[in-house]
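Peer 1: Those sequence lines, one after another, are chains A and B. For the first sequence, the numbering used here assigns the number -7 to the initial residue and increments by one for each residue that follows. For the second sequence, the numbering used here assigns the number -7 to the initial residue and increments by one for each residue that follows.
There's no promise every hint is true.
Treat identical chains as interchangeable: a pair holds within one or across any two.
What the hints assert, rightly or not - Below, simulated DSS-like cross-link-like pairs (lysine-lysine); rule was C-alpha separation at most 27 Å, straight line:
| hint | residue 1 | residue 2 |
| --- | --- | --- |
| 1 | Lys97 | Lys43 |
| 2 | Lys15 | Lys168 |
| 3 | Lys30 | Lys43 |
| 4 | Lys73 | Lys97 |
Treat the hints as calculated values from the structure; they're not laboratory data. None of these values were measured; they are calculated from a predicted model.
The lines below spell out each chain.
2 protein chains.
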Amino acid sequence: MKTYTRPADIENESMRIISAELKERGIEIPGNFEAVVKRVIHATADFEFAKTLTFVCGKCMDLHQKTIITDTNMALSGISKPSLQKLGCEAFCFMADPGVAAAAKENGTTRAVAAMEYAAERYPGAVFAVGNAPTALFKLAELMECGLRPALVIAVPVGFVNVVEGKEEILRACRKYEVPAIVARGRKGGSTVAAAILNALLYEAAGMLAPESRGW
Amino acid sequence: MKTYTRPADIENESMRIISAELKERGIEIPGNFEAVVKRVIHATADFEFAKTLTFVCGKCMDLHQKTIITDTNMALSGISKPSLQKLGCEAFCFMADPGVAAAAKENGTTRAVAAMEYAAERYPGAVFAVGNAPTALFKLAELMECGLRPALVIAVPVGFVNVVEGKEEILRACRKYEVPAIVARGRKGGSTVAAAILNALLYEAAGMLAPESRGW
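All chains, please: the whole structure from these sequences, using the hints.
Peer 2: Okay, here's the thing in structure tokens:
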């Protein structure tokens, strides 16, 4: 066994293996989606994402100066901080905000829904990355019917209840209003997938090739 | 479509679906491992983990009063904080520790290796949960040869380089020294899997059924 210890070497060798295995499986990814798809496979070792990841308006995904909203602190903590800084981005998760918890209780809804409303009011042109809560997707689709136009929606919750439906709903809304979106159709996804997609876009925008903040 | 909005209802319905689909696939999970396996499937929607999750000394996994070390801040942030508090546990990730970064640079190794050494010195009887860095597993196996006896090793990195080998190495060491372990053999795993395993054990020890902190 060859031992790799430098993060950049591990990264390069992983990407080489992923490219080779995609080819073996006869899967071709269009160039503009390649970085995202490969980084999701890198984060999951699951080639199914090459089939389920669905893109709407793939051209407008430059994250310079964007505000990023996540639905979990876990996804937030997985985002590359040096890239955010380099691009002048900021990133928030409002799930633990006391005002959000109170609003959820008052309206008899989930904290994820309340957090999306809270974020949409303050940062209507943000990137919304949802890796956990399908209810957040239904709320975002509803807000889009009322005029919300996010810069990008990343819709990749994982699970068995309302997940497939929530993703189809947001896909429909994003197509209707030509809002850029990356959706992992089906049951699979999660906070690591949300973070991987964001990092792929951030690395690309920042011209960073290796995950300087991963620290294998 | 029936709409579930209460986290506990979503949780229960998800677990019901997972149980039914495990049965359909003819997979039986021994009772003492069931909570862990189901929560990992819940966190990934991937039934492959029912086959790859491997347990060493499954009886001694009560997490009361334990210190938990993770190899990523992402896994740390995915752990249920109310459960930790209820059980008198504490949890740390030393990846961002300046001393760890300096040690890694000085010794020409990864931050993950340096973080494990740092943690093993201070908390030799901790639960070590590795969801990202195979190099951390090689280091833990080496430290076990020198006498380290963790309370539990959770070995679930994801990836294409050194990952399969690192998991086999720690499995061998844990079997040799009868150290309890939960290993996701193969390529798959990740920070969400590490957090799901910890939460399954924490909920069980704390007598908590629903993930009060997930906030769907």
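Peer 1: With reference to the structure, classify each hint as holding or not holding.
Peer 2: Consistency of the hints with the structure:
| no. | hint | verdict |
| --- | --- | --- |
| 1 | Lys97 <-> Lys43 | neither (38 Å within a copy, 40 Å between copies) |
| 2 | Lys15 <-> Lys168 | neither (33 Å within a copy, 40 Å between copies) |
| 3 | Lys30 <-> Lys43 | both (12 Å within a copy, 25 Å between copies) |
| 4 | Lys73 <-> Lys97 | between (32 Å within a copy, 20 Å between copies) |
In summary, the structure is inconsistent with hints 1 and 2 from the numbered list given earlier, while agreeing with the others.
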